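Single-letter residue listing:
Number of protein chains: 2
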Amino acid sequence: MSGIQEIASATGLSKSTVSRALRNLPSVAPATVTTVRRKADELGYIPSSAASGLATGRNRAVGVVVPVIDRWFYVRVLEGVDAELRRAGYDLILFNLGGPPSDRERVFHRSILRKRVDALVLLSLVFTEEEREQLELTEYPTLVIGGPAPGIRHLGIDDHDVAYRATKYLLDLGHRRIAHIGGRDEAGMNALVPGERHEGYVDALAQAGIVPEADWSPNGEFTLAGGRDSMARLLDADVVPTAVFAASDEMAFGAMIAIQQAGLRVPDDISVVGIDGHVFGEVFGLTTFAQDPTAQGARAARVLLDELTGKPALPWFDPAPVVLVERTSAAPPPAH
Amino acid sequence: MSGIQEIASATGLSKSTVSRALRNLPSVAPATVTTVRRKADELGYIPSSAASGLATGRNRAVGVVVPVIDRWFYVRVLEGVDAELRRAGYDLILFNLGGPPSDRERVFHRSILRKRVDALVLLSLVFTEEEREQLELTEYPTLVIGGPAPGIRHLGIDDHDVAYRATKYLLDLGHRRIAHIGGRDEAGMNALVPGERHEGYVDALAQAGIVPEADWSPNGEFTLAGGRDSMARLLDADVVPTAVFAASDEMAFGAMIAIQQAGLRVPDDISVVGIDGHVFGEVFGLTTFAQDPTAQGARAARVLLDELTGKPALPWFDPAPVVLVERTSAAPPPAH
DNA sequence: ATGAAAGCGCTAACAT
DNA sequence: ATGTTAGCGCTTTCAT
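For the record, the sequence lines run as chains A and B. full-length UniProt numbering puts the last residue of the first sequence at 336; the count rises by one with no breaks. full-length UniProt numbering puts the last residue of the second sequence at 336; the count rises by one with no breaks.
Any given hint could turn out to be false.
It does not matter which identical chain is meant; a pair holds if it fits inside one copy or across any two.
Listed next, the in silico BS3-like pairs over lysine-lysine satisfying Cα-Cα at most 30 Å (straight line) [to be verified]: (1) Lys115 <-> Lys15; (2) Lys115 <-> Lys39; (3) Lys15 <-> Lys168; (4) Lys311 <-> Lys168.
It should be emphasised that the hints constitute simulated quantities derived from the structure, not laboratory data. Here the structure is a predicted model, which is why all the values come from computation and not from measurement.
Produce the entire structure from the sequences given, and follow the hints as far as they go.
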């Protein structure tokens with residue numbers, strides 16, 4: 001109801017002065033600031049972001065685009081982005097590309113590109129050539145978290161390297177029969193991540209002179225149920241692995257459950273390691289290579305915010321850290 | 001860069017006609033619409049939400065306020081709200097009250113009340129008297145999901161009833177020694193939910209003439225680890241329950257893990273039931289009373305959107321449905 | 001330190 | 001069916 005104008009009238013000042021006072025600009029008498037602020041409170045003044053956005057071209061908001069919301073990784077990243085934005089007084093607009101593919105187009109055009117945000121964080125997304133161009137046209141500072149995206153700078157862990165380390169870890173424990181529960185491309189999501197992790201696995205094995213069984217890389221779909229089912233199939237085969245490297249903790253949990261359900265024990269019969277650092281890891285006793293998506297999100301937001309205030313754009317990021325968290329799901333293979 | 005004006009000039013039409021054409025208003029010649037749209041594409045026209053927001057007073061955005069993001073329930077609700085908003089071409093602004101309490105105040109004033117949204121969905125939040133007043137001043141259509149909030153209409157399940165049914169279910173199976181893993185108030189979150197669930201449990205027991213042991217309502221903090229620890233403690237006592245009703249699936253999973261780690265079996269030695277309908281339930285084989293937070297979110301968004309288009313406000317909602325999903329975690333108590 | 005005036009890009013009467 | 005004219009509520013020169 002009440003705008004800057006009412007405050008001006010009520011205090012006998014001009015709109016400009018009120019505007020300045022409200023924004024703590026220099027060259028406003030301290031006394032004036034006090035008067036203005038008090039009147040503002042009194043009148044229950046609430047600034048209109050549309051008006052200031054129109055006048056300045058700044059929205060004080062950044063968009064976060066996700067392929068789906070309901071995934072541990074995205075939620076954690078969101079948490080990090082949010083924390084940093086909040087400190088800066090920026091709002092977070094969430095764009096979910098999930099659901100019917102037709103929606104994707106709509107969201108993309110009608111929403112993302114609507115000049116509502118000042119910058120964009122894209123999570124694990126792969127874009128079409130056309131979408132990329134559109135994004136560039138907007139000239140928003142933009143970056144991708146979670147998996148390389150051709151043509152856009154990205155922030156995240158080195159997927160090949162973690163997978164390599166995870167496999168190596170199992171190798172060093174003495175395992176030779178190591179399976180890998182991974183993923184495949186999913187609609188609109190980054191297909192490169194599962195690919196790189198699989199390669200890291202294959203490469204580590206190759207270096208040890210091992211060629212993995214053909215069907216030892218089942219698709220766990222990055223879900224708990226997928227991990228369980230994949231493991232169950234692995235357990236059914238003629239030759240069973242003594243260790244499993246899952247491309248995500250969730251799949252690793254699924255594998256652990258399948259192993260127990262089969263009457264076997266982790267790690268006595270089969271060792272399991274994952275990637276992620278999921279909260280549930282502690283309870284499951286999962287040995288994993290943990291990343292910190294929240295930190296990645298915060299970092300991304302920080303970078304974007306800096307660029308919004310004029311800092312030159314970073315063209316490239318060092319890989320985000322991954323730390324080995326040793327718990328009880330991995331041990332040397334059974335003696336026999 | 002280019003606005004409605006350039007299109008007007010380029011086509012020889014007036015700003016108004018272009019505006020109308022772009023918004024598919026009636027009373028614009030079909031041919032004109034075509035011309036305008038083509039020119040718009042050609043020029044890479046992107047509407048400014050700030051400008052139209054300022055002109056109309058509508059932002060085509062709704063805010064969702066959460067106490068923390070990283071919780072199964074909230075994420076699912078978010079998914080539902082988002083789906084509905086997307087269909088209507090609305091954006092979703094996420095306000096996270098989590099983190100330092102000082103932030104809460106800032107988010108509340110600087111962001112939520114900034115006239116950036118047209119309506120508000122509040123998740124499991126309890127507000128101070130002052131916050132409530134502020135909210136009312138904004139006159140946004142508002143509603144709460146997940147737990148009653150004094151003074152604001154709310155949408156969600158009947159917590160007392162589910163808890164009653166869950167306990168009754170165990171009772172009907174023949175159990176007499178039933179424990180309840182629940183929660184307590186958490187910073188800024190709805191303290192009423194765990195309370196109601198606990199009461200439902202107590203009431204069902206009372207009706208069967210049972211007074212629960214004093215320490216059979218441990219605080220599982222609504223987390224997996226909390227559920228596990230609570231169960232472990234329960235298992236350590238002199239007299240051990242034959243069944244456990246957990247106020248959330250996550251705590252139920254934790255309880256199941258603790259039971260297994262103690263060398264006991266579910267449901268042979270101890271039965272477990274939960275509330276929620278968490279995806280992991282299937283893999284864990286958890287018998288639970290499932291709600292559908294996504295549907296609740298969608299419903300909420302639908303209602304708000306309707307009210308934005310003039311429909312009279314609904315003062316009250318029927319409780320959201322809860323369905324019993326029977327799996328393998330609950331059975332009659334051991335014979336002896 | 002403060003004020004006056006123009007304008008951000010769109011929408012909405014009110015014409016015609 | 002289209003054009004004219006005012007704003008929406010701020011910020012920002014440019015004066016003073």
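Hints, one by one, checked against the model:
no. : hint              : verdict
1   : Lys115 <-> Lys15  : both (26 Å within a copy, 19 Å between copies)
2   : Lys115 <-> Lys39  : between (32 Å within a copy, 19 Å between copies)
3   : Lys15 <-> Lys168  : neither (67 Å within a copy, 65 Å between copies)
4   : Lys311 <-> Lys168 : neither (40 Å within a copy, 62 Å between copies)
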